[in-house]
Amino acid sequence: MERDDLIVNDSYALNAHHDEAHGKVLRKKIYFVTVLLSVITAIEVGMGVMFKRGDTYTWTAIKWTFLALTLVKAGYIVMSFMHLGEERKNLRNAVVMPYVFFILYLTYIALTEGFANMAIDNLLH
Amino acid sequence: MSDESKENISKEALWGGGRSPFGVTYGKMMMWFFLVSDALTFGGLLVAYGFSRASSTDPWPIAEQVFRALPGLEGEYPLIYVALMTFILIISSVTMVLAVEAGHRNDRKSVLKWMAWTIIGGAFFLGSQAWEWSHFIHGGGGGFQLAQAVTVEGDDGITYELQAGDMVYMDHHFGHLMEQHLNGNPQVILDAGHGHVSLTDHSDHGHVVELHDLTINKYVAGETHVDGFKMYELWESRSENYTFGANLETSEYAEQQAFSDFFFFITGFHGFHVFSGVVINIIIFFMVLKGTMDKRGHYEMVEKVGLYWHFVDLVWVFVFTFFYLI
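Order-wise, the sequence lines are chains A and B. Counting in the working numbering, the first sequence runs from 51 upward without gaps. Counting in the working numbering, the second sequence runs from 124 upward without gaps.
Note that these hints are calculated values from the structure, not bench results. One or more of the hints may lead you astray.
[Said to hold, decoys possible] Listed below are the simulated SDA-like cross-link pairs for lysine to any residue, each with C-alpha atoms no more than 20 Å apart in a straight line:
no. : chain 1 : residue 1 : chain 2 : residue 2
1   : B       : Lys236    : A       : Asp69
2   : B       : Lys134    : B       : Leu158
3   : A       : Lys102    : B       : Tyr149
4   : A       : Lys102    : B       : Glu135
5   : B       : Lys418    : B       : Arg231
6   : A       : Lys139    : B       : Asn131
7   : B       : Lys418    : B       : Tyr431
8   : B       : Lys232    : A       : His72
9   : A       : Lys113    : B       : Ser179
10  : A       : Lys78     : A       : Lys139
11  : A       : Lys74     : A       : Lys139
12  : B       : Lys232    : B       : Arg419
13  : B       : Lys353    : B       : Ser326
14  : A       : Lys139    : B       : His317
15  : A       : Lys139    : B       : Tyr149
16  : B       : Lys232    : B       : Glu346
17  : A       : Lys102    : B       : Glu346
18  : A       : Lys79     : B       : Arg228
19  : A       : Lys78     : B       : Ile214
20  : A       : Lys113    : A       : Asn140
[Unchecked claim] Residues on chain B that point at chain A, a partial pick, calculated with CB under 7 Å:
no. : residue
21  : Gly139
22  : Gly141
23  : Val159
24  : Ser160
25  : Thr164
26  : Leu168
27  : Leu207
28  : Ser216
29  : Tyr431
[As the list claims (entries may be wrong)] Selected chain A positions facing chain B (in silico; Cβ < 8 Å):
no. : residue
30  : Ala66
31  : Gly73
32  : Ser88
33  : Ile93
34  : Asp105
35  : Thr108
36  : Thr110
37  : Ala111
38  : Lys113
39  : Ala124
40  : Gly125
Here the structure is a predicted model, which is why all the values come from computation and not from measurement. Think of the CB as a built atom: it goes at the ideal place given N, C-alpha and C, for glycine as much as any other residue.
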């Protein structure tokens, strides 16, 4: 069996090498993402602690903010830390697209079934 | 990553066979496919959590009020400990990506250094989770159900009409001694009467714990303390049903069992991933130490285990949002 962990084709991604100068640039980017992720987490915790939850518009806005910030964090982890942003577009789509559809589907379910459930609830009370 | 991923190659050439259309090795592609499917498992768990929570008729516990203790400190530190765990995991993800970067320069010493830090970070996270589980299981003092309806005024000046079966919570010190008393420890003596309640612990260094106040709505809404004579009335109205902490049968945090079950399953399943990630990291660490990667001429194995490790961090980002924040 041919082993793919040995370099047979120099152009493959496993041969991803860079020199010290380029490494410096990459590390700078890594530190930037680190600070960003930490700051976002700190903001999230701060918001969670500061605001009282309830059926208020403020809390609804905060929940949407949490979701948005989570997606930003997830995006940076996947695209930067996992280097998906530097892979070929077809691999990127193969990984990300299922989740785009998954999230759209969940949103659809939440908006239709979720509210239908609430409507029945209101009828009963 | 390399020129291959940036190059503009015609579709015919890409998919014509004899090469990887994705421009990655078989191993790395399979790691990605595994992560895509594994994420669906976590997605399913979180969806089940959301469904359970949305369809629950009993009030759902508020995470800030359940998770607010620090090791050795019981009290008002909402989400601080979880934030710390999140931070540890993010940092260990950073050290991992630094190890991958060092691997691309074939810098064996740096790879070892950063992988060692990653393993330490992972171990710290697992230790933190063990403490959190332990605290969750032991609870924040426990509580009892009321045997009859009582009307009390809280320290917030609002009058609450409590029904039979409602939970009333004891403070941390009193509750844990009460648990020993109920478990039949003969050295813990309960003394109640004339509006005051205390437990005396006659073991090694005997001490008395006075019951100062009881708490209602501890986990489901803004908690309210009840003290003085009303507290005594609550105490006298207690039933035989006590709950301390949580397990797979009972929970002091909520009426419904689902909250604790999801806590155990989701954080447990994630913790299992962290554990296996640490084990794989250790294996790869020793492979690097032995010089296996240098023999191969590349550090792609570090990159692959790095993908898995980042994924563990990624899942925690979502668990953190859906289980602790929202």
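Against the structure, the hints:
1. Lys236/B x Asp69/A: Satisfied, since the Cα-Cα distance of roughly 19 Å is no more than 20 Å.
2. Lys134/B x Leu158/B: Violated: Lys134/B and Leu158/B sit about 26 Å apart, past 20 Å.
3. Lys102/A x Tyr149/B: 50 Å, violated
4. Lys102/A x Glu135/B: It is violated: about 58 Å lies between the C-alpha atoms, which goes past 20 Å.
5. Lys418/B x Arg231/B: Holds - the C-alpha atoms of Arg231/B and Lys418/B are around 12 Å apart, at most 20 Å.
6. Lys139/A x Asn131/B: Within the cut-off at roughly 11 Å; holds.
7. Lys418/B x Tyr431/B: Measuring from Cα to Cα gives roughly 23 Å; hence the hint is violated.
8. Lys232/B x His72/A: 18 Å, holds
9. Lys113/A x Ser179/B: 19 Å, holds
10. Lys78/A x Lys139/A: Roughly 25 Å between the alpha carbons, so the hint for Lys78/A and Lys139/A is violated.
11. Lys74/A x Lys139/A: 26 Å, violated
12. Lys232/B x Arg419/B: 16 Å, holds
13. Lys353/B x Ser326/B: 31 Å, violated
14. Lys139/A x His317/B: Status violated; Cα separation ~76 Å.
15. Lys139/A x Tyr149/B: It holds: about 17 Å lies between the C-alpha atoms, which stays within 20 Å.
16. Lys232/B x Glu346/B: 53 Å, violated
17. Lys102/A x Glu346/B: 12 Å, holds
18. Lys79/A x Arg228/B: 16 Å, holds
19. Lys78/A x Ile214/B: 15 Å, holds
20. Lys113/A x Asn140/A: At roughly 33 Å apart (the allowed maximum being 20 Å), Asn140/A and Lys113/A break the hint.
21. Gly139: Where the cut-off is 7 Å and the nearest Cβ of chain A is about 14 Å from Gly139/B, the hint is violated.
22. Gly141: 9 Å, violated
23. Val159: 6 Å, holds
24. Ser160: Result: violated, 9 Å to nearest chain A Cβ.
25. Thr164: 12 Å, violated
26. Leu168: 13 Å, violated
27. Leu207: 10 Å, violated
28. Ser216: Holds, about 6 Å.
29. Tyr431: 10 Å, violated
30. Ala66: Holds, about 4 Å.
31. Gly73: 5 Å, holds
32. Ser88: At 6 Å from the nearest chain B Cβ, Ser88/A passes the 8 Å test, so the hint holds.
33. Ile93: 11 Å, violated
34. Asp105: This hint is violated: Asp105/A lies away from chain B, its Cβ roughly 12 Å from the closest one there, beyond 8 Å.
35. Thr108: The hint is violated - Thr108/A has no Cβ within 8 Å of chain B, the shortest such distance being about 14 Å.
36. Thr110: 11 Å, violated
37. Ala111: 12 Å, violated
38. Lys113: Hint holds; Lys113/A Cβ to chain B Cβ min 5 Å, cut 8 Å.
39. Ala124: 6 Å, holds
40. Gly125: At 10 Å from the nearest chain B Cβ, Gly125/A fails the 8 Å test, so the hint is violated.
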